[in-house]
Amino acid sequence: MANTSSVTSATSHASSSGPAGEAKILDHNYDGIREYDNPMPFWWSALFWGSFIFSVPYYIYYHVGVGPTLNDNLEAEVGEFVEAQAAALGDLKPDAKTILSLVQNDPKLKTGASVMFRSNCATCHGPEGGGRTGPNLADDSYINVKQPEDFFKVIRDGVSGKGMPDWGKRFSEPQLVLLASYAASLRGTNPAEAKEAQGTVLPQWSVPASAPADPANAPAPSGTSKPDGT
Amino acid sequence: MATPTPLLSLNAAESAGSYESGVKLDRFSYDDAVVRKFVLATVLWGVVGMLVGVIIALQLAAPYFNFGHTPFGEYLSYGRLRPLHTNAVIFAFAGNALFGAIYYSTPRLLKTPMFSRLLSNIHFWGWQAIIVSAALTLPLGITQGKEYAELEWPIDIAVVLIWVVFALNFFGTLATRRERHLYVAVWFYIATVIAIAVLYIFNNIVMPAGWLKSYSIYAGSQDAFMQWWYGHNAVAFFLTTPFLGLMYYFLPKAADRPVFSYRLSIVHFWSLVFIYIWAGPHHLHYTSVPEWASTLGMLFSVMLWMPSWGGMLNGLLTLRGAWHRVAADPILKFYVVAVTFYGMSTFEGPLLSVKSVNALSHYTDWTIAHVHAGALGWVGFMSFGMAYWLAPRLFQTGTIAKPNWVGLHFWLGTIGMLLYIIPIYAAGLTQGLMWRAFNAEGFLQFPDFIETVTILIPMYWFRVLGGGIYLVGAILCFVNILLTWARRPKVYDVPVFEAAPLAKGYRAHPIPGSSLPKGIVLDVAHKLDVFGQLNWHRKWEGLPLLFTIFVVIGVVSASLFEIIPLFTRTSDIVRIKTVTPYSPLELTGREIYIAEGCANCHSQMIRPMRAETDRYGEYSKPGEAVYDHPFLFGSRRVGPDLARVGKKIPSALWHLRHLNLPTDTSPGSIMPSYPHLVDKAMDWSRITANVNAMVALGVDYDEATVRDAERLAKEQAKKIADQVVAEAGPNGMEDKQVVALIAYLMRLGTDLDKPVDVAPAVAGTDMGEPIARHDGANLSPSGSQHVGGE
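The listed protein sequences correspond, in order, to chains B and H. Residue numbers for the first sequence follow the working numbering, so the first one is 195 and each next one is one higher. Residue numbers for the second sequence follow the working numbering, so the first one is 9 and each next one is one higher.
Errors might be hidden in some of the hints.
With a straight-line cut-off of 27 Å between C-alpha atoms, the simulated DSS-like cross-links for lysine-lysine are [what the hints assert, rightly or not]:
1) H:Lys-535 / B:Lys-218
2) B:Lys-356 / H:Lys-688
3) H:Lys-585 / H:Lys-727
4) H:Lys-727 / B:Lys-347
5) H:Lys-547 / H:Lys-261
6) H:Lys-726 / B:Lys-356
7) B:Lys-218 / H:Lys-547
8) B:Lys-356 / H:Lys-762
9) B:Lys-287 / B:Lys-340
10) B:Lys-363 / H:Lys-762
11) B:Lys-363 / H:Lys-585
12) B:Lys-356 / H:Lys-727
13) H:Lys-762 / B:Lys-347
14) H:Lys-727 / B:Lys-389
15) H:Lys-726 / H:Lys-688
16) B:Lys-218 / H:Lys-261
17) B:Lys-363 / H:Lys-727
18) H:Lys-722 / B:Lys-356
19) B:Lys-340 / B:Lys-363
Label pairs and their calculated CB-CB ranges [stated by the list, open to error]:
20) H:Arg-715 / B:Thr-305: 53 to 61 Å
21) B:Pro-262 / H:Phe-569: 19 to 27 Å
22) H:Lys-535 / B:Val-250: 19 to 27 Å
23) B:Ala-270 / H:Trp-469: 35 to 43 Å
To be clear about the criterion: a stretch of chain B counts as covered by chain H if any three or more of its residues have a C-beta under 8 Å from a C-beta of chain H, and this derived list gives those stretches [to be verified]:
24) 266–280
25) 308–318
26) 322–333
Hints were generated in silico from the structure; no laboratory data involved. Please read these numbers as outputs of a predicted model, since none were measured by experiment. Glycine included, each C-beta is placed from N, C-alpha and C at the ideal position.
Bound-form chain H, shown alone (with noise of 0.2 Å):
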């Protein structure tokens, strides 16, 4: 503190291996200005996610906060909105907030600085960038449509090279480490590190179609499953590991005890790095995505959850002997609370997967609850924790400024989070029942979808309580971390360490062989013994490539197992003869559709179920969305499913009037409304850009519809703005943005029903099977025909 430049030295003898004595000790310093920066960052973007998700979890409670009828309405709706708190708490809190864990742990645990000053300042500036950059354009649209890869190709370029960055920092500070052995926290760094890279470029491969707009290159069900690959992954590898790391380092420092299980954390490391990768299929249960998927999905993961506990074991069980002090200590209760819901939501995540559960669950407000379980506890308090105690150490002030407002905020956080939690796992029990109840004649109990929304609504209100609850909490935190900051010194005390660099000539102790007697037992029993004992893994951990070679195929070739079959089994996606590319006009209202975040609330997949198909209709089919470049299934209803929205309602009309006003035609309707689109007229420019795009990701128009697309988009705009005056609706209407739209959901979910005929012939389709029907078109018992599938 005081001291000026103490001298401390670092060396520890190798006492793991051999160590030439008489070598120079190198004297160096670790930069915590970036550090810094990355935790007052951490705390300011926790403030602005967590108020966004206050606000739109307003607009559920009470749509008038989507100020739809204000000029400003467009930027502010729910669809807009919940893009940026999911991209803000995930990329800008949770990001920050591990990146300052690794440039703070990672030196420390190598004896080294970071590899480069100037990367790491790249890096966090870059990163700044990238925050404000999906800041700005997310409220205006501007969105390739997948939960969590919101960003449009621009900024993915960037967010790609600055993870280049980091990556070359990362590894550069590896390798000029000055400690043998990489510890835990750095294996899950190191995970991070090569998995987010992997997962990011090939989930967001896309076909630009504008500056601002681009398609992704898979369709349907295939970008489905890679989009749940990322998105599961991203909760893997950039929710969980790296906050692993972090309470590897930072837990067992703050409450000074030793961890728990070197062996556990071995095993765990690598079963959630081999296993974690499979288990994205779960998100897609019942979907048009190949069932083998699904059950792949399913089944690691219920493998994880030993994995994952075994985290949450060696979290807790580090805290034996330190028990008496997590009563005193508010960042050590920061820290108990965090690896108990690390748990809580680990045990809940395989049991969501299991397919009859998630029948239930899915596309309600479980899923919603269980995340926040995982962010608000998990990734919150363990973020939260982490400020705290770093904050006196990197300000240089002793103490953090107001020592009773973390307590204050430890008991804020949880109980905002089970105000949130709890009301809306409540939430999402009721609408799920609701939705498959059936009578005593067997008819939905509840046929009108509005019904199941209305009562949710006071369930809506306590989690705005709660939420903002949590939100003032963080505020406090953010303060406070402000108030320590004022504190700091004028100059900063850089202590200078010293440790001695890696000895050459290194030789790792032989590896114990096993104790069982020879001769009786079999050789194999005796290579079997010595790699239980694990002994070998103290080898690898001194080898930070081929760790992270092994690293890199546990990742990539779990992801290969999946995606080729996937890719190349022409069986699983059977194309259907009547299904064709969507329309000029159409493809244009999709794109209308992707910015105003429509799928955020509906979903485009009929499950097969009786409860879905009584519904919605018959259910989706893989064949359907051959052409969804990106796929629209959606993950969560808070309005009704849409996949065949065109089926029941192909009224221009209608549509007209619920896009201006969903309460004119459907009270209680809790939808934004979206009178910009009947206001602003059809950019005609974007039609020929989006009909390119497409064909340059292979879609079969024919020549005629690319040459005269905007014609042909014009001249359906008129055919719509027709049917809405025949209507008796308003004149005017196709030069507006908002007949584009009508278009596409008058199309969504006709195709299935076109008489064969009448279908354009599209090259390649090789298929003209009849479809099975569910939906009580041949209700007799000898109506229903097999599609021959598995």
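Just chain B, same shape as in the assembly (with noise of 0.2 Å):
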């Protein structure tokens, strides 16, 4: 067979030409395989050598030298969007005239609530509010929440043992009440896939359009109600 009657015989110690110019060929021969003895492609010498000489400077650059490390490449990426992100927000305080007031007005501010909400909520409570294994936002019924500011503490707080989860360690206070306004204003817009009602109805937050929060609706003065709903 042709494999096995590939007989060698010793060849002279000299080389012989291969096809076009060829390199010499070698005596070695296994089982009949031959080899060239051509030089390796410059190009491909160049870009051998070039590889550990790119990668010496690199390393020392990066984990001797001043090379920022991942850490600060983030800090510096997130302290860009944090400055941006508060200019935007400006100091939000926590009561009813401010989350209602947003609420109201703020479209921009909202689409960044409602990507928050998706994110972070919309597992819970639906993509809409409609609830799922969270209550529904969107009817009249509040568990947890007896005035605006409630949305706030529950959403920082969390309800525990309930499945709410404290979510004062992830976000800022802005960014809380951002998400308490868009909880909020969620109320009556009963998306299609809803949740039955759980909790008790209460009555319509009351604020004029564009104007200050209703004094009827103001932060109570003090524990009327607490976030982890006792």
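From the two separate chains plus the hints, produce the assembled complex.
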């Protein structure tokens, strides 16, 4: 058979030449396999050594020298965003007035709030707030909320043992106010797939359009409701 | 063929050295029986492994095919079958192919039969037994939970024993050779035998927690490093070096052309051996594995580019003068496409190792497309080409049974492969770009993870189609080989060869000196010149023991350069006071998480990028994973990251409903459902076994926890079951398996926020620094604090 009968005949020690000016063929013969002694292509050698030459200063710059760490890069990126956000949000206070006026007024901020809602809250409350394992936020009944500022407290502190996370470590106060405002704004939107009502029906928040919040819904003087629902 | 036992002389003069004349010639025959077995096993397991691949591709396109609500859904979910697919194609298909190649070519290259027929047969049957045990245990959820190292410890021991048998057989053959010098294919085989032994053993050191369960002795970042040191180099030394050896034998044979460049073989072989090992951490960019290791992984990957292309060049340029035959010979077509895909994959590998590219590609289907370009193109086509070339020779039929099918298989394979990888590249880019897209206001453009999944479904259907076509080609190959086997002669002809034994007192030719002018240049320049001429290597090729020692040095030294600092630099893994060991119930929930293969689709590693901290919360710290035996960072996000899922979803009812039927809580989800976890009773005996294993690994539980582990677990289970009820869920969950998994999920990522005084004191913690946060908690320009890293 072709492979087994390829009997080696010892070639002369000298080389013979291959096709078209091929480099010398070596006297190696392994089961009929021969080898040329071609040099490495120049571009190959250049890239081969080039990759070594590139690596040394790269490593030194980032791990001995002054190059930024991944953490530095993140801080710079976050810092930029934080400044822009802080400037856009301003100093939002967790009171009924701020919460309700945001509901009415600020479509641009609501874009951000809706993103935060979809990425963090929709898992349990549904993308439109109609409720899944979490309660329906789009009807008029509430379990742990009595007044607008309770949205802020519930979001910040969570409801222990009932599945509501505490977002106070994750978001800043202005962000929490924004989220509270977004949650409050869902009231009465009654999306198609909504969960049954839970808790007690609350009277409408009343705030005049583009005006300060109604004093009736202003923050209560002290702890009339607790965020954990007790 | 028909000639009875032809006597073939293989007696070549030792032309490179002195030779004593008048030596008696030895007579010997090769053991092709074991090669026949390996080749049949290759094509059989190839079909099986690729069929499982098509099934799991189908599961991603249509989750119905997880059969979640059928009695056998437990064994057929994606999380259980995906390891079966990877293990089958790597260890069964590619494994049998490379063993077949080694058992066929090594004896012929060394003019001696394999050292021992008995060892050959123990190797073959032992390896098949390992494959069968893998096929049985993986669907049962018996797994160590590390990718391509899933097999549990008793099977690991069998693998090591069989590998020792293989090594004895292989090195015994080298010792009894009649060819003085080792050909380049054999160099690559040596590297394979050595490196796989080292890698496999050291990544699989585990603490048993029963006969079918064990936990890695390494934890967190260190375990992640060890795993990808292994995982990357399994690709290197199981799917690359042996297949390069295969290429160096079968390609010049099939093309009947000399190898392009001997010196390129030398340079690219040694550079692969010395560089490959370092590159593992490129699988862990932006994770809590130390950044210096990640940078080394990237740089050595870039350095690997040319050494890899050396193999491609030697493959393709060997075909110079034979290209006209490629058009006519489908076997050569297989090789040409295989080597081309090798070149593409080994360019893409370094590219994906560059951190900024990896930031986009990691956790996406880009990796899957890359892997399949290499696996289907390089490993698959080399193996098929070899099988077609060998079949008529091994079965002594002269020709393959269905010559036309070979060409058909080539086109089915090529088209199937392209239909697979192109849509999956698109899927990877799509998802990667969606994850990091911000809208004009600076918020995530696709905040809902599921949006980034459902958009991929059409591409997943293309993958089913492409993979299916590739599978049809593999089936054609299997049938064709079987038909060829059916035509075998009643009695196989066993040719007898004769060759002279290695001459005693052999003296190698002296190494030619430098041609540089004497006296003008320095002595060191002469030495460099001699070194650069590479003639010294010829001597090494005649000294297999020395050669092997150099390979060991290459593999081990590179490993130690990274492993020693990783395990000794305490500053890399800063302990966090509030991070405490998992509770006994959570630990067993983690066991279930591993058994169900959740880590195949869910990462637990938030990278330090705003797109990630915005979506998932603060990025993962090394100190958070110090109790993770094994680490569960994951490598692909088919579903969202779970590192902080306990912070986001502390709802027991949500997890219960989600695990029972994912679309119930997450419309559009492609996750399998796990009703069996809700139905099946907890095996409380696992609690103590798991805690004891962790104690043996040095996890600092207090005595009371160890003593009362089961009672504590039952208390926590009751608490979670009560929460389910309080959330208006069903009764009676306290003794179900799901409750342990829920406990684990609700724990994930919560430690960072625990108040320090609540956390029980843990011995050995020496760190209480505040953790810098980037997820918005300190949303003021001065809010973020440095934790003082590098």
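TODO: Against the structure, test the hints numbered earlier, and report the numbers of the ones violated in rising order.
DONE: As far as the earlier hints go, not one is violated by this structure.
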